[in-house]
Every structure is written in C-alpha cells, then in structure tokens.
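S.K.: Read off the chains here:
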Amino acid sequence: MFLARISLRNFRNFENEVIELPQEGAALIGANGQGKTNLLEAIYYLEIFRSFRGARDDQLVNFGAEYFRVEAHVACVDDGEGGEAVEVAAGYVRDGRRKKVTINGGEAARMAEGIGRIGAIIFTASDVEMVAGGPGARRRFLDIALSLVEPSYLADLQRYRQILTQRNELLRERGDASSLAAWNDGLVAVGSRIMQARARWISDARPRFSRHCEAISGGEEAAMEYAPSVSMINGEQADGSKLTREEWESAFREQLDRLRERERRRGVTVVGPHRDDLRLGLLGRRDQLSLRAFGSAGQQRTAAIALRMVEAETWRESRGRRPIVMLDDVFAELDPQRATRMFEMLSSQEWGQVIVTSPKPDDYALMGGRLSEYRIERGRVNRI
Amino acid sequence: MSVIDDLASEFARLPGIGRKTAYRLTHHLLKSPPEEAGRLAGAIVTMAERVKRCAICGSLGETDPCEFCLSGVRDRTTICVVEEASDIAAIEGSGSFRGLYHVLGGCLSPLDGIGPEELKIDALLARLDDGVGEVILATNPSVEGEATATYLHKVLASRGMSVTRLARGLPVGGDLEYADGVTIAQALAGRRDM
Ligand SMILES: [Zn+2]
Chain A
141 MFLARISLRN FRNFENEVIE LPQEGAALIG ANGQGKTNLL EAIYYLEIFR
191 SFRGARDDQL VNFGAEYFRV EAHVACVDDG EGGEAVEVAA GYVRDGRRKK
241 VTINGGEAAR MAEGIGRIGA IIFTASDVEM VAGGPGARRR FLDIALSLVE
291 PSYLADLQRY RQILTQRNEL LRERGDASSL AAWNDGLVAV GSRIMQARAR
341 WISDARPRFS RHCEAISGGE EAAMEYAPSV SMINGEQADG SKLTREEWES
391 AFREQLDRLR ERERRRGVTV VGPHRDDLRL GLLGRRDQLS LRAFGSAGQQ
441 RTAAIALRMV EAETWRESRG RRPIVMLDDV FAELDPQRAT RMFEMLSSQE
491 WGQVIVTSPK PDDYALMGGR LSEYRIERGR VNRI
Chain B
38 MSVIDDLASE FARLPGIGRK TAYRLTHHLL KSPPEEAGRL AGAIVTMAER
88 VKRCAICGSL GETDPCEFCL SGVRDRTTIC VVEEASDIAA IEGSGSFRGL
138 YHVLGGCLSP LDGIGPEELK IDALLARLDD GVGEVILATN PSVEGEATAT
188 YLHKVLASRG MSVTRLARGL PVGGDLEYAD GVTIAQALAG RRDM
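First to last, the protein sequences are chains A and B.
Residues 141 to 524 (our numbering) are what the first sequence spells out, left to right.
Residues 38 to 231 (our numbering) are what the second sequence spells out, left to right.
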C-alpha cells in the first residue's frame, strides 16, 4: 500500500495541487514557510481527520477561500501484504462549519469508520513535546496510537469525554449524591475499558521503547511505564497489564468513593483516565530519572523518535502491513551521531513508503538516493 | 418582511430545516394549487387543537387519558419508560409490546440543566401501585439515556420493582426514534434485568 496521489484544494497555502508519488517515497525539499509541513498535515488529516498540529479546521482553509478539500488515492502493490486500494477524501466548509469524510466516494457515517485508512505514521520536530511537555501530550499520543490499532478505542474515548463533561457540570452545580451516582456506572465502565487498553499497549511497548532509545542514543537506557490516575490495588502487577476489566472497575469505583469529598470541593472529577500519564525515564545507575525533568534536549528528542517508532511497529503488527512513514525535518534537530544512527535505523527498517521533508536535498533527506526529489515553493510542488 | 419571508422564517424554526430549505418549501407551496396550502394549514391547526398530552403517561393522542391508558386489552402489569412521546410510535411499530407507556420528557443532562426534578419521575412512581410488576427502561443508548436508566433503576429497585433494560443492538448513539421495527423487537425480546 502506498500513497499514489494527493490532491489539495485551498488547504493552507495550497490552492490547487495534484501530486503523484512513487511507491518508494519522496523527499519534499523547500525553504521554511513554503508548505512542506502543510503537505504532511494534509496527508495526515486524511488519517485522523484533524490537524496533527492541533489547528482548528477553519485555520486550515486557504486565506480568502470558503472551503478546503483533500483527496488521497492509496494504491495497492503486489507485495504479499494484501490490503485494498482506497480513496479517502475530506472537506470542510466555513459556512456552517460542515465537515464531510468520504471513503471510496461514500460518506462515512461516523469519523471512526474512516480513521486510519491511509496507514501513516508521522515524525515531527514538535514530537519532543510528548517528552518535554505536560501529560496531555502523552495522553494524546496514546490515544492516537490506540485509536489506530483498536477499533473500539476511539468510540470509548468519545463516550468517556461526554460522560465526564456531564459529570463535571453536575459537580460544578453541586448536584446531589444520587444524581452523581447515575453517572458513575458509565464513567467506571467506559473508563476501565480505556485504562485496560492503555495498560496492555504500554506493557507491550515498553521493551521496544528501550530498545529504540538505546539504538539511537548509542547505549543510553530508557524506560516507560503506565502511570494511571486510578492507582492499582495489586502491587505485584506493577504495570496493570494483567488486571482484568473487573479489577480496573472496582479500583476506579473504590477511588471515586474515597475521593468524593475532594471532587465535591473542587467541583471536578479528580480521578480517571483523563488524568493518566505515561512516565518516561532514563535508567540511571540506581534509580530512574524523569526524562521530562532531567533529560537533555538530545535525550528528549531521542525518546520522542522512539515513541513514534513504537507506534509504527504496533501499527504494522496490528494491520499486518508496513505503514507509510512521514519524517518532518527530524534530522536537523539531532546531533550528527544521533542523526547518523537514526538514519541507519530508518534505512534498515522494513518501512513502506517514506516521505521526508527537508530544507536541503542532502543524503539524509533523499535516503541515500532511494527517494525521488520534489521541490516545494509557495504552495506549488514540482518533481525534479 | 413580506408574507413569503414570514412563512419561510416559521419553517426555519423547525428542527433540521435551514434557511435555504425553508425558502424551498415556501416556494413549493406558492407554485402548488391554493388547496394544497389550505390542506397543510388545516392539518396543522387541527393537530394543534386536538392533540392532547395524556395526564397519566404523557403520550400524545386525541384523548386524555390516552388510548393506551384507557385500553381494556393492554397488559397493565408492564410499563415501558421512554424519553419522548415520539419514541412510542417506534416501539408500537415493532408490534411486540402490549403494555403501557410512560414518557419522561427527556433524559438527565446537567449541561442542559435537566436533573431528576425536570423529568416525570414522580408521576411514574405514582403509577406503580396498581399491580405493575415490570418496568422496562427504553431510554436511548446515549450516555445521557444510560445515566437516566441507571438513576431510575436505583429508584425503582428500592421499591421492589423488577427493572429491565432493552438489550444492546440498537445502534450506539442512535435514537430509538430512528431504529427499525425488527431491531426494536429484538431489543425488547432480549431485555435484561438490571
Ligand atoms: Zn396515557
């Protein structure tokens, strides 16, 4: 499977572009502000139907235009991986803020139906926020990674947010205990499904994460672990991945009861997967140091890349095929040693199509000549 | 504003009708023979005059009490609780329920300022003395509908009532109102104790 064609209409600084891409991939070369990242944003928009940069849909519409539309044709190749060719399109109209997603020309009834059809993983310089920033960025990473591999996860997440919003409103207006209890069943049931999925994913990802960190950094060990807001009762099962749904439910319920007074005082739900974190650390001689607090810029970037590598691997295993990998100017941020190791790792991996952006057409960007070169200038794209 | 704009703005107040559709409907009526507009206007006036809300169950019909509450053949030991009167038509359409109804008039939703007091829950409790054995909770499968069912279950179970919930199978997030008869019949047949 590879992205054979992408059409953009009024998306950011692209007015009307149709770009054909070869199976091996492309290096998109251009100075800053010409639209390299915008193009990756458009491609990834068709994967999750929102901006990976956190922009609102109306901010994606070309200045002065009324709508944007992005279409992709994902083609099939005879590589034994199977899969089907697919056309994914998304459009947004300013008037009425209408958004429409179509798969093979048919409108998707729900976003979840269309999500993950492109099969792309994106590495960007801002990924470092996942390591250096607050827990929200790490939850977002987990949520996207899990939504792409577990079909019911996104629906659970949306349902959990709805329940949480209603319950918080009730707490804010000091609703009585029996009204509050009516929302607890749903919060606990859906929240436990989310925590169980996260715990399992993280447990599976942990050794991969350390391996990738070690490989890029050249020997520094790192670790990840689930830090659920609902603390686990059973100390032996430290990572929570062996806990049953019922065990998560009773732990969650017990802590809701215990923290009842505090949440009444604060007027907000104080425990649950909306407060989870993914703890990332450096393995020191005696203890573990938080990468967020003590990691150097290079160590933090390494960990961010390792997280994306894990995402790509779990994606590949769950789908049984290689993802399309997009690298948004990631080599520039790394010191030469890390960049070389990263480059070697990426070149040796069994990736599918690779799309790289870079200001210069150097060896890294062109993957040693494997990729075709495209020039991007003011929203126009030309193959060299 | 012209009389044309007047009518269009009335249409535009209806759910699901935007400004464009409102004008399309208005112009459709303008092009049709005058009798057609007369029939539509007459039907609206008659409906508004004749349809009453049943003081017992909250359903809409031409009599108060309604045909269900007055019926001599319906099963008076089972009450099916729904959010809106419009849900009744969907359940009746399945042809697999012969008991009575109770309309809550919505569902719990703190964001919309709807708590238990805003729903017809006291009226439901008041009906439970007359030999009612089972209450079926047929609120929607939305998070609000589920919370409402949880709330009612606690209230009803404390009074020794047998409480059942429609089986899953209704499309998640899909309203009862739009489910087809076969789906509803299956959901009713598979209802479970809460
Ligand atoms: Zn009645």
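Worth double-checking, as some hints may not be accurate.
[As the list claims (entries may be wrong)] Under 7 Å between C-beta atoms, here's a sample of chain B residues computed to sit facing chain A:
| id | residue |
| --- | --- |
| 1 | F48 |
| 2 | L51 |
| 3 | P147 |
| 4 | L148 |
| 5 | G152 |
| 6 | E154 |
| 7 | A184 |
| 8 | H190 |
Treat the hints as calculated values from the structure; they're not laboratory data.
All figures in this text were calculated on a predicted structure; none of them were measured in a lab.
Glycine included, every Cβ here is placed at the ideal spot set by N, Cα and C.
S.K.: Which earlier hints can't be squared with this structure?
M.R.: 1, 2, 6, 8
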